[in-house]
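Q: Chain residues, written in single-letter form:
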Amino acid sequence: MDPSKSQLMQYVPVLMLAVVAVLFSAGTLAASSLLGKRARRSAVKDTAYECGMLPVGEGNTRLSIKFYLVAMLFILFDIEVVFLYPWAVNFKGMIREQPGLIFGSMAGFMVVLFIGYIYALKKGAFDWKQ
Amino acid sequence: MNLYLQYLTALAPEVIVVATALLVLVMDLVLVREKPFAQRVGLTGAIACMGCGLAMVWVELVPCSIHSAMLSVSPLTQWVKVPLLLLTIFAAVLSWNERFTRHAGEYFALLLLAAAGLMLLVSSESLLMIFVALELLSTSLYALAAFDKSGVASSEAALKYFLFGGMSAAFTLFGISLIYGIAGDIQLDVIATRLRGHPVEPVFYAALVMTLVGFAFKLAAAPFHLWAPDVYEGAPTPVASFIASGSKVAAFFVLARILLSAFPGARGTASLGGHLPGWAPLLMVLAVLSMVAGNVAAIVQTNVKRLLAYSAIAHAGYALLALLADRRHALSALLFYTITYAFTVLGAFAVVGVVEESGRKASLADFAGLSRRAPLLSFCMLVFMLSLAGIPPLSGFFGKFYVFTAAADTAPKLSLLWLVVLAVAASAVSLYYYLQVLKQIYAVAPAPASAWPRPALSARVAIVLLAAIVIVLGCVPDLLLGKISELLKSNSF
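Chains Z and B, in that order, give the protein sequences.
What the first sequence shows, in my numbering, is residues 1 to 130, in sequence order.
What the second sequence shows, in my numbering, is residues 1001 to 1493, in sequence order.
Keep in mind the hints are simulated off the structure, nothing from the lab.
Please read these numbers as outputs of a predicted model, since none were measured by experiment.
Taking beta-carbon pairs under 8 Å as the criterion, some of the chain Z residues facing chain B (in silico):
id: 1; residue: Leu8
id: 2; residue: Tyr11
id: 3; residue: Gly104
id: 4; residue: Ile115
Derived Cβ-Cβ restraints for the label pairs, each shown as a range:
id: 5; chain 1: B; residue 1: His1067; chain 2: Z; residue 2: Ile118; range: 36 to 44 Å
id: 6; chain 1: Z; residue 1: Ile118; chain 2: B; residue 2: Ile1471; range: 44 to 52 Å
id: 7; chain 1: Z; residue 1: Leu113; chain 2: B; residue 2: Pro1036; range: 28 to 36 Å
id: 8; chain 1: B; residue 1: Leu1061; chain 2: Z; residue 2: Ile118; range: 28 to 36 Å
id: 9; chain 1: Z; residue 1: Met16; chain 2: B; residue 2: Phe1174; range: 16 to 24 Å
id: 10; chain 1: B; residue 1: Arg1194; chain 2: Z; residue 2: Ala107; range: 35 to 43 Å
id: 11; chain 1: B; residue 1: Arg1099; chain 2: Z; residue 2: Val20; range: 53 to 61 Å
id: 12; chain 1: Z; residue 1: Ile118; chain 2: B; residue 2: Ser1150; range: 24 to 32 Å
id: 13; chain 1: B; residue 1: Val1132; chain 2: Z; residue 2: Val19; range: 33 to 41 Å
id: 14; chain 1: Z; residue 1: Val19; chain 2: B; residue 2: Ala1170; range: 24 to 32 Å
id: 15; chain 1: Z; residue 1: Leu15; chain 2: B; residue 2: Pro1223; range: 23 to 31 Å
All C-beta atoms, glycine included, are put in the ideal place defined by N, C-alpha and C.
All chains, full assembly: derive it from the sequences and hints.
A: This is the structure we're talking about:
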């Protein structure tokens, strides 16, 4: 058998899946438009669906920029903890053989994080009165 | 400990640049907060330049070579960092007189982080590191493109850049995951050994195409170029110049590294008869589309920044030809071409920036009669434009000449001749729009009673230096080429 042909044959299931996906989505849309009853539109029917409640206010409200700073701080400390855990687990084993490596790498990381913290502090991320 | 120190010395230039970025950030916040803006920009910018300079001195003075699963620091990769740092310094100097932002510290810190991304990108050895470095670069550049907060165009540019960039990064990551699936490793030279004699099967082909998408985006090669005109036009001019120069050099270098060192066997052919699947036909398609789309669209542009963007697309097409050439010439032709192009386009953007500083826009009509107001500046623009068009004795000519001869020489002999002919024809078309700019500058009378404030000294010095580089490298290309070929002789990558 031709090798290139056999290679392409491997992808026949993928092709079949793609065809089925297109047919299914197009089929359901076609079926609902063919079989479904034409309903009359009204203002109530055109409102956004909010689990049965009447929607209140606009969809896109403006958030204070402070929230983004809080999100930034969250990522800062979140990542710190994510890295500190495996570091702490390996600390005992590595402190004898490579004390400079285990300590230096985390110290460098903490310095960078600390500068991020100073940045947030100076930018007034904790000062919510303004 | 030993290993740690070894890595730290190998990565010292990057560490210096990142440390400078942090220093700039803290200094602006703590020490010079209350000072007038001009002083803040001057001080933070000067520190940023000094940090880059220090990293450059380190690269030159401390020879270092390390080859691990993540990083490969060789004389070649170290040397490529020199022009990248130089371009960063020029971009920083050009930002000194811009008044598009109040946030001096953040601006220079992001510029330096982008530079660190460029440097890491150049010496990454694993696909994952390449992706991380690419993201460091891109994320910094997205933020930099949005820096002119008072302008709508800047925000629009940044959003377009971000959306296109995020999408193409996703494609690249998917491509990398497929490569990992096929080769079982992400280290470039290991991939090469694992894939020796491996047929270019459909999955492999899909992996190559997807990986190329992200790089084609960074290079602004058609059909992934749609962001370029808007970003070049909307982003603050120094940022646009950095996007057009530094990130292109690094992206081309790392693309060459991936294709030539990880997939030497999956090359395929780009000649007209006898098609063989591989990355060469993909690059051929990108090159042809870029050369045609870039040059044709540039003809009708009336904004000089957009014109430069379309010309950048066309130049990406020419530079891709170098990658198609034989291994022996591909890298040196590519490096010479992209580095000289980067300096030229940076200079052209600098002139546009100076014109904008005088209260004008960047449309062609705003350049009318510039030669009577600023003869030296106009002469520099003449040098940049003619170099981009490829007129001897400027460096653009020699770059194109080398790329085209290398491509024509590719084995089997003259198999890529049709591409070279197309490139030469496209290059002839490009002369039209470059001359349009020069016609405005030299032949059209200036608008009456338009003020021309004397541009800042730093910008003038930078522009003259860039023009000098373009001229010198055109007259004595061996200055750069000799160094490149010497480095390539000692190690392939």
